[in-house]
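Q: Position chain C against the provided structure of chain R, taking the given hints into account.
Below, each chain spelled out in residue letters.
Number of protein chains: 2
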Amino acid sequence: MSNRRVSIRAVSPSVDGGRYPAKTSRGETIVVEADVFADSHDLIRAAVCWRRPGQRRWTEAPMRPLLNDRWRGEFVLDDLGRYEFRITGWIDRFGSWQRDTRKKLDAGVATDVDLAIGAELIDDVLGRATTEDADLLRALRDQLLDTSADADQRASAPLSPETGELVARNDERRFATASDRYPLRVDRERARFSTWYELFPRSTSPDPARSGTFDDVIDRLPYVQALGFDVLYLPPIHPIGKVHRKGRNNAVAAEAGDPGSPWAIGSDEGGHDAVHPELGTMDDFRRLVAACDDHGLELALDIAFQCAPDHPWVREHPEWFKKRPDGSIQYAENPPKKYQDIYPLDFETEDAEGLWNALKGVFDHWIAEGVRIFRVDNPHTKAFPFWEWCLNALLDEHPDLIFLSESFTRPKVMQELARIGFNQSYTYFAWKNAKWELEQYYAELFLTEVRDYFRPNSWPNTPDILTEFLQHGGRGAFVQKLVLAATLTANYGIYGPAFELMLHEARPGAEEYLDNEKYEVRHWDLDQPHSLAEMIRLVNRVRNENPALQQDRGFALHAIDNEQLFAYSKRDPQSGNTVLVVVNLDPQWKQAGTTWLDLGALGIERDDQPFTVHDRIGGARYTWHGRSNYVELDPNVSPAHVFVVEPHPA
Amino acid sequence: MSNRRVSIRAVSPSVDGGRYPAKTSRGETIVVEADVFADSHDLIRAAVCWRRPGQRRWTEAPMRPLLNDRWRGEFVLDDLGRYEFRITGWIDRFGSWQRDTRKKLDAGVATDVDLAIGAELIDDVLGRATTEDADLLRALRDQLLDTSADADQRASAPLSPETGELVARNDERRFATASDRYPLRVDRERARFSTWYELFPRSTSPDPARSGTFDDVIDRLPYVQALGFDVLYLPPIHPIGKVHRKGRNNAVAAEAGDPGSPWAIGSDEGGHDAVHPELGTMDDFRRLVAACDDHGLELALDIAFQCAPDHPWVREHPEWFKKRPDGSIQYAENPPKKYQDIYPLDFETEDAEGLWNALKGVFDHWIAEGVRIFRVDNPHTKAFPFWEWCLNALLDEHPDLIFLSESFTRPKVMQELARIGFNQSYTYFAWKNAKWELEQYYAELFLTEVRDYFRPNSWPNTPDILTEFLQHGGRGAFVQKLVLAATLTANYGIYGPAFELMLHEARPGAEEYLDNEKYEVRHWDLDQPHSLAEMIRLVNRVRNENPALQQDRGFALHAIDNEQLFAYSKRDPQSGNTVLVVVNLDPQWKQAGTTWLDLGALGIERDDQPFTVHDRIGGARYTWHGRSNYVELDPNVSPAHVFVVEPHPA
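So the sequences go chain by chain: R and C. Here the first sequence is numbered in full-length UniProt numbering, starting from 1 and rising by one per residue. Here the second sequence is numbered in full-length UniProt numbering, starting from 1 and rising by one per residue.
It should be emphasised that the hints constitute simulated quantities derived from the structure, not laboratory data. Keep in mind that this is a model prediction, so the values were computed, not measured. Please note: incorrect hints may appear among the correct ones.
In this list, chains with the same sequence are indistinguishable; a pair is considered to hold if it fits within one copy or across any two.
Here are the simulated DSSO-like pairs of lysine-lysine, each with C-alpha atoms no more than 30 Å apart in a straight line [to be verified]:
#	residue 1	residue 2
1	K360	K323
2	K242	K590
3	K323	K104
4	K590	K104
5	K337	K322
6	K337	K103
7	K242	K412
8	K412	K435
9	K435	K337
10	K242	K435
11	K338	K360
So here's chain R without its partners, still in its complex pose:
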């Protein structure tokens, strides 16, 4: 028979009812909410409490009521790894007495007995009070019982908010309710805010006569750093299969000299823990890792768990692959297409333990070489329980790791990979072009419970993705997609130099680059006058200067009366820094419209409060008033305003 009169429901963040940790990052404000309420009309109090799993003591912060029995509390964690939180709620007897007695005094019906009840409640907490508090409490109690004074006088100090807090901090919280515990994982800052640049090392050679090496990549680092990126991501760097190797433009058979796809991993030169001899040695690789660090960059490796037919594992562990009735190993298929250069791993193998440990061993190997960020290729074609085990084991050992899920499949599957452990996820961003699509998609990512575990990383292009929009949209399309990627999500990246050089010719019939670097070595002239390098540098500078763009909370959509104009804002809950973006989705023609702003989301308190919007792309400043403001964007000048919002003093 429980006397716990307070109920706690609908706790947020809660990923699958608390089965999985909500994601947060070091220094980020963690906002916890719940429905907290009791029977009858007593006032209640609530607090959010947190600790490391296994710790005995909780730390707590008070929660405050919002509307409709919803309560909110906030805290910040400064260490990486796992935490758990819970909510407690209890009846605020003294606060309820204060409220009721105030009403009775105002109506002139308070009696000695009413005041004596307050004195009893103070007596109840005296035993737990510090000496200092106890002295104060005793004086207040005696004042309530002093029948020589009039009721208003006797009650005035006891009814103050200060007395309310004094009693509350000594309250035994009798019959307090504690919610279930909900897990959290604290990642480092870069899991929340990162700017990626992808390049093919073999295409970095300044000499068209040879393919690039790790040393050539080192020479490219100042360029990447100057553009404002902080993660340099390389496609797989391992030996490339020689059996059934693919040729240029995805030809079924390679010609002599064709280098093959870096994703067809493994040959007699080694497997997932080796580097391709043409790129250099492990020592060269280590120098690259160190050089990245010198340039404010962090190296991210691509981990693709699949094997070329000549990968060492095929010979050493044939039991990790599916066998066909004729004894041959099952190659990859998407019927009727066959990928005879790729053997998928069989996650239903009898030797799951051996396979899982070997795969985790690949990460262990590169972690030991100083790599902390991994882009994982097609994780949705490997079993979920493997990822849950592998990522959690690795993150528990190394809580500074970051895993980006490269999965472009059905939404529930992409969400599942994030739920069970991936820190960041690719998204459908590249294909979202219409205003309604963008509004719907970012509302789902940022304004539903998906935000508690799915960190979107937006890419306008990848070696696999050259959308029709970029193929045909011209410079306006490239700049638009750059601004959207860089300001919608705190994590974004581009595949270069294809992006900044605005490569847009597709292999016929495919949404993919002609003469794709996946199948051949390319050489690039980075100094072309049409390069977007300066624009990228500017956009990345705006990101680095505005905390609002370094996190994914405080997102809001704003109405604007033109279907080609898309408006949204982000607001950093800690600093209040607010960025309002208006993008012309039409890559060709000028568009104009009038906003109907959600002023509250911009931190504007009153409808008539003027505010400055400072366009960090075009440079102009405007003074705006109220919800309706005129916007005009010509994609030939700039397809977007990225406004920093500055309210004038109220």
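A: Just chain C now, with coordinates in the frame of chain R:
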């Protein structure tokens, strides 16, 4: 290291993550949904399984995929009480092989090895097959391996859907995933569909010189039955406190002869297990219970857990009440108002066990007297853990009980009472007058997870509630509210004869009847020409004839271009019976508009498929086509169409 490749998420119905049972009723279709998906591209299958808690074996029904990895399964339970369900999902290896092999055959690239894989999969299930199935399976396998025939011939029977089902029913479901278990409670039909009539027994006397008795109520039963009601609900029938008794029109002090409020329970004549001597004896009460049964009615009692100062418990169990510092018992308050005629029970008493058992004992007492339906007064002023314990204990002993929560407080508290056990709940219906309010409220009740545990019971009036709308709206307002209550929710009731006689004079300053029966005995002339009895009889007949109105699933809102016209439909998932209601919310003036119907919700498959709408209020039939149809409603004729929708053959 788990090989369970299928994930199951977002299971519905799930009340607070499965902590509380979802509510259903005998014979009702239980619709279970979940996100079910696996890695990679294999096909999967899923089933919903159910059993009594503690049983070992599950019964199961197949689930089918909807859109976006959502799966649905359905079943019906024919016995009352607790059940639990779970979902299982597994890889459909043979189905995946069928799909892939079909593609390869179509492309002309299927090989002997591809067909041999199918033969292996058949071999895998042979050991579990019945003799009959095994014979069929062996023939299919041999056909696949018969290299003398061509591939299309060999594969034609093995690729058929029938073979798919044959293999599936013998499949071992290797590495199947089972979800958590989710509880269900099966109530009887009347918990889902009931029509209530409330009256004050003491006001049923045909003789103005005396107050009514149980025998007078018996004489009133044919009238109530003829109106089409099936639950007769009586305010508290217990002895009424004499100390601090309230007078007529809520006067603080009763005059001599004033009968007092039935909710001020208990006197020297007895407490919650006694009947007021003026109403009759326990034997009279038992005859009333039996007479109700003879008239197709079921008696519902009002249980109000509070005590008049002269209730026997105050003397026998002073520890169940809160004491004030001066030793007196704390009366009810809503500061600065005082209710000295009512002592609330203290759910934080040291003798919680004694109090809880005594309260449960009140139900036990009346259950033993044949009562199965209880309307519980202000349950939100008693502790939630008490209700959870009490209602669950009672429902486990008597799964045919029905408890209606009379709580008009904050939404989260009303929902909590339903979540922890109440079978039906009063709602804000009486105060929802504008179209936007109605749309928002019924979308919340019927189209969110609230529907899984909260069964609304709509009342246009109660002895406590005479809304401004009814005070001033005239006959149009009464009929409108009647139709809305009776067709929005499968459970509804009226407080009569105040409702059918259209009483609308309020006590000044109160949203309550003048000369309220709560405080005095009234005598009614039921045969007044303006009585709504005929309209009530018609509306209840329409309910009884249309299964769509006997349950709360299949609810849809329909657009109509007039803010005074409100359109919605309900569709019975079993029979397909569909009712479309259009109500003129303006009680005075004629309103017209054009619908924009959600045809799918009406069971109309094609946009151009004609359908008949038969107005069961006005009697007219119209043939409609498509979404747009003209509607005109004059409240002086009828404020509503209640259309039965009959699609013409497609």
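Q: Give a verdict on every hint.
A: Verification of the hints:
1. In this homomeric assembly, K360 and K323 come within 30 Å of each other (Cα to Cα) only inside a single copy, at 23 Å, whereas the closest approach across copies is 66 Å.
2. Taking the shortest alpha-carbon separations for K242 and K590, neither the intra-copy value of 52 Å nor the inter-copy value of 82 Å comes in at or below 30 Å.
3. When the C-alpha separation of K323 and K104 is checked against a cutoff of 30 Å, the pair qualifies only between copies, where the shortest distance is 19 Å, while the shortest distance within a copy is 84 Å.
4. For a Cα distance limit of 30 Å, the shortest separation of K590 from K104 qualifies neither inside one copy, at 66 Å, nor across copies, at 50 Å.
5. Taking the shortest Cα distances, K337 and K322 sit within 30 Å of each other inside one copy (18 Å), while across copies they are farther apart (79 Å).
6. Within a single copy, K337 and K103 get their C-alpha atoms only as close as 79 Å, which misses the 30 Å cut-off; across copies the closest is 10 Å, which meets it.
7. Taking identical chains as interchangeable, the C-alpha atoms of K242 and K412 are never at most 30 Å apart, the minima being 36 Å within one chain and 65 Å between chains.
8. In the homo-oligomer, the alpha carbons of K412 and K435 lie at most 30 Å apart inside one protomer (23 Å), although the nearest pairing across protomers, at 36 Å, exceeds that limit.
9. For the homomeric pair K435 and K337, neither the shortest alpha-carbon distance inside one copy (35 Å) nor that between copies (56 Å) is at most 30 Å.
10. For the identical chains of this complex, K242 and K435 are neighbours neither inside a copy (46 Å) nor across copies (70 Å), given an alpha-carbon limit of 30 Å.
11. Taking CA atoms no more than 30 Å apart as the test, K338 paired with K360 passes inside one copy only; the shortest distance there is 28 Å, against 70 Å between copies.
Hint check: violations occur at hints 2, 4, 7, 9 and 10; the rest are consistent with the structure.
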